[in-house]
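Visitor: Line by line, the protein sequences are chains A and B.
Each residue of the first sequence is one higher than the one before, starting from 1 at the first, in the UniProt record's numbering.
Each residue of the second sequence is one higher than the one before, starting from 1 at the first, in the UniProt record's numbering.
Because the hints were derived from the structure by calculation, they are not lab data.
Careful, some of the hints might be misleading.
Unchecked claim - A few chain B positions that, by computed beta-carbon distances, are all more than 12 Å from chain A:
hint: 1; residue: Leu41
hint: 2; residue: Ser69
hint: 3; residue: Arg71
hint: 4; residue: Trp147
hint: 5; residue: Ala188
hint: 6; residue: Asn192
hint: 7; residue: Asp250
hint: 8; residue: Thr327
hint: 9; residue: Gln476
hint: 10; residue: Val480
hint: 11; residue: Tyr506
To be verified - Each computed SDA-like pair below joins lysine to any residue, with the alpha-carbon atoms no more than 25 Å apart:
hint: 12; chain 1: B; residue 1: Lys129; chain 2: A; residue 2: Lys144
hint: 13; chain 1: A; residue 1: Lys97; chain 2: A; residue 2: Phe212
hint: 14; chain 1: A; residue 1: Lys144; chain 2: B; residue 2: Gly254
hint: 15; chain 1: B; residue 1: Lys209; chain 2: B; residue 2: Lys512
hint: 16; chain 1: B; residue 1: Lys209; chain 2: A; residue 2: Ala21
Note that beta-carbon positions come from the ideal geometry of N, C-alpha and C, so glycine has one too.
One letter stands for each residue in the lines below.
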Amino acid sequence: MQSSAHPAGAGPVPRLAGHFASLEVQNHAARLGMWLFLSTEVLLFAGLFACYACYRFLFPEAFAEASRSLDLVMGTVNTVVLITSSLTAALAVHYAKEGKNNLVALMFTLTLVMAAAFLVIKGFEYSHKIHDGALPGKYYHYAKIQTAGAPIFYTVYFMATGLHAFHVTIGMGVLLWLTIRAVRQKNFGPNNYVAVELGSMYWHLVDLVWIFLFPLLYLI
Amino acid sequence: MTPSNSTTAEGALPAQDPHHGDHHAHPSYLVDGTTIKSWLLTVDHKRIGLMYLGAVLFFFLIGGIFAMSIRLELLTPGPTVMDAMTYNRAFTLHGIIMIFLFMIPAIPAAFGNFVLPLMLGAKDVAFPKLNLASFYIYMTGALFAVWGMLNGGLDTGWTFYAPYSTHTTTTVAPVLFGAFIIGFSSIATGLNFIVTVHTMRAPGITWFKLPLFVWAAYATSCIQVLATPVIGLLMLLVIGENLFNIGMFDPARGGDPVLFQHLFWFYSHPAVYIMVLPSFGVMSEIVATYSRKNIFGYRAVAYSSIGIAFVGFFAWGHHMFVSGQSTFDAGVFGVLTMLVGVFTAIKVFNWVGTVYKGAVDFKTPFAYFCGFLFFTVFGGMTGIALGTTSLDIPWHDTYFVVAHFHFIMVGATIMGFLAALHYWFPKMFGRMYHEGWGLVSAALIILGFNATFIPQFLLGNAGMPRRYYDYPERFQALNVASTAGASLLAFGFIIIAIYLTHALVYGRASGKNPWRSKGYEWTSESPPPTHNFVGPQPTYPEEPHFYVDPKKAEVPDAV
Numbered sequence: 001m002q003s004s005a006h007p008a009g010a011g012p013v014p015r016l017a018g019h020f021a022s023l024e025v026q027n028h029a030a031r032l033g034m035w036l037f038l039s040t041e042v043l044l045f046a047g048l049f050a051c052y053a054c055y056r057f058l059f060p061e062a063f064a065e066a067s068r069s070l071d072l073v074m075g076t077v078n079t080v081v082l083i084t085s086s087l088t089a090a091l092a093v094h095y096a097k098e099g100k101n102n103l104v105a106l107m108f109t110l111t112l113v114m115a116a117a118f119l120v121i122k123g124f125e126y127s128h129k130i131h132d133g134a135l136p137g138k139y140y141h142y143a144k145i146q147t148a149g150a151p152i153f154y155t156v157y158f159m160a161t162g163l164h165a166f167h168v169t170i171g172m173g174v175l176l177w178l179t180i181r182a183v184r185q186k187n188f189g190p191n192n193y194v195a196v197e198l199g200s201m202y203w204h205l206v207d208l209v210w211i212f213l214f215p216l217l218y219l220i
Numbered sequence: 001m002t003p004s005n006s007t008t009a010e011g012a013l014p015a016q017d018p019h020h021g022d023h024h025a026h027p028s029y030l031v032d033g034t035t036i037k038s039w040l041l042t043v044d045h046k047r048i049g050l051m052y053l054g055a056v057l058f059f060f061l062i063g064g065i066f067a068m069s070i071r072l073e074l075l076t077p078g079p080t081v082m083d084a085m086t087y088n089r090a091f092t093l094h095g096i097i098m099i100f101l102f103m104i105p106a107i108p109a110a111f112g113n114f115v116l117p118l119m120l121g122a123k124d125v126a127f128p129k130l131n132l133a134s135f136y137i138y139m140t141g142a143l144f145a146v147w148g149m150l151n152g153g154l155d156t157g158w159t160f161y162a163p164y165s166t167h168t169t170t171t172v173a174p175v176l177f178g179a180f181i182i183g184f185s186s187i188a189t190g191l192n193f194i195v196t197v198h199t200m201r202a203p204g205i206t207w208f209k210l211p212l213f214v215w216a217a218y219a220t221s222c223i224q225v226l227a228t229p230v231i232g233l234l235m236l237l238v239i240g241e242n243l244f245n246i247g248m249f250d251p252a253r254g255g256d257p258v259l260f261q262h263l264f265w266f267y268s269h270p271a272v273y274i275m276v277l278p279s280f281g282v283m284s285e286i287v288a289t290y291s292r293k294n295i296f297g298y299r300a301v302a303y304s305s306i307g308i309a310f311v312g313f314f315a316w317g318h319h320m321f322v323s324g325q326s327t328f329d330a331g332v333f334g335v336l337t338m339l340v341g342v343f344t345a346i347k348v349f350n351w352v353g354t355v356y357k358g359a360v361d362f363k364t365p366f367a368y369f370c371g372f373l374f375f376t377v378f379g380g381m382t383g384i385a386l387g388t389t390s391l392d393i394p395w396h397d398t399y400f401v402v403a404h405f406h407f408i409m410v411g412a413t414i415m416g417f418l419a420a421l422h423y424w425f426p427k428m429f430g431r432m433y434h435e436g437w438g439l440v441s442a443a444l445i446i447l448g449f450n451a452t453f454i455p456q457f458l459l460g461n462a463g464m465p466r467r468y469y470d471y472p473e474r475f476q477a478l479n480v481a482s483t484a485g486a487s488l489l490a491f492g493f494i495i496i497a498i499y500l501t502h503a504l505v506y507g508r509a510s511g512k513n514p515w516r517s518k519g520y521e522w523t524s525e526s527p528p529p530t531h532n533f534v535g536p537q538p539t540y541p542e543e544p545h546f547y548v549d550p551k552k553a554e555v556p557d558a559v
């Protein structure tokens, strides 16, 4: 969105796009746009939650049994890692408002490291499950759990965590771009932090979705 | 609040504005930059609107050709011009092209893009680059869909019902992926419009001074933003099912095909209002302009748009009365469905109240308004009938349903689309079309439409199922009547194509406001300059559609 477009060497005030009446209006538009976008993201996952609810109702035993087969330790570690990464993302906004560009870059780098750690742990979990034969649909041959409906649990599991991991990857791209801007242009400041704020908002969404996925898939 | 001229010149549209510092030259958006690149990379909402218009008209032609091929095949029982599989592909492609590529983007993306910022006194939409991206996302999705169709096509019907769509050997995945991509375009346009209405209104335009087309576009955008992600996810699941057998909707693996239907109609029922609400908005503008009267019950018309959008989200279950749904659920969904009729009736009565004792100027757009009123009331009433469980069960999946949704969703939308095309043609191109031919083709189209679909109501009531390739001898007379009507309809469209193309080149100059409309968009030049308004941002002290009492004959002069 154009609120982030500005010529190199400009001061810490973002450029006002010609069709907006004032900077306030432009920032308001950018925030409103992001909130709307995040609501569509929530609804995208809501479709999967609806699938989860429906099949959990149809196959309560299989869902309970398959849920216990997931690695609770890895899931918990991942939850802690992702929530902490959300904290550093929030701190980046705080430092951007104070114009401390180096700290913004540091906080986002920490966030990116934790995001990468999250994906690596997720990868281990996936490889265990694939090794066990818990791939969904016609590839399902998990000897330990043969209850009717268990393959559907893994379909939901792989679709939901896969879609979430895709969002993590996109979010990492966004944060990386913001980190590079903080390092190269050093122009985040009290008047120019909306881009950082919006990037962090997206990251909080990724975190929020996981906070729903973790109990649904691992705990209950 | 008014941005300085220097900000404007160095603003978001530098490539489109070769007149830096020269504030005396204000060429229209049509000639401000004439290279191919200046069109393809434009961020001007008017040019993007025109590109959308070109694209939707192209897909309308393709979808129409498929429609005629279906009607031709059904002229006689048994094979007529194609085999059964080709017929299945033809009606599927007709549905997919018409719904995803024509009707959903037609009015919002083409005319909405063009007039919405003008109606708000804004220089552009809130996110011009996103707007251009939305157009290219739409074209990318269309390419995927067309590629899939050329490489075998698919035979599922546009509804892609599982488990058939997950097992058919035809090309489902690329077409579904195309529809998935088009969904993003729809979301982007909707998001852009919502933010534009919230942040870009000129000083003086409060919420209850918004033109009614803006209210309708706003309500439509809310549906686009809130419903489309759900079908996006569903498309992903069906693609996964079709390519990798993930088992989500496959009963053999514990999946539930009825869940597919819930998720599908959660989008696709509100999608009907994505198609028809903008048409309601167009009609609110037109009825006031050509009756020379302030709209009757402005607030009721505005609120009812939001009401339809809201209730539309809770009516999807009426597509599933025969899916094993409980009687209680069916009853609830039936009642919620009928509430849509209440909100639509509010609009219809207010439109009629506006025409009452108005000084009616019977121009082509008003002719379409008359057709629209009939299609909306007739289509709406058959919708109420279909929302009644006991009646829906015998009519389910018969031609009665086909005729119903063509009346309300196609008839009302096409009337709105053609009315908008004629009403805003002078605004867009600064030229007038031939009024006589306009009225002739309107008459042909309204008659042709009735002749096509009224026989289908009768066919459905007599028990002819939809999507069937063959039928008993006794249905032939009505099928012949329907095909004859479709030919008349096609003839009407050909006439429109000829005289509008002629008007583009040879039409006389329209002047700023040929309809002497009080709509905000007509305060700008026709065609408007690149940044919509010359000089400072306009202000609007009067309410929209503010026409004085026609008895006092104080209408604004044509400029």
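Visitor: Any hints from earlier that this structure breaks? Give me their numbers in increasing order, please.
Guide: 5, 6, 7, 12 and 13
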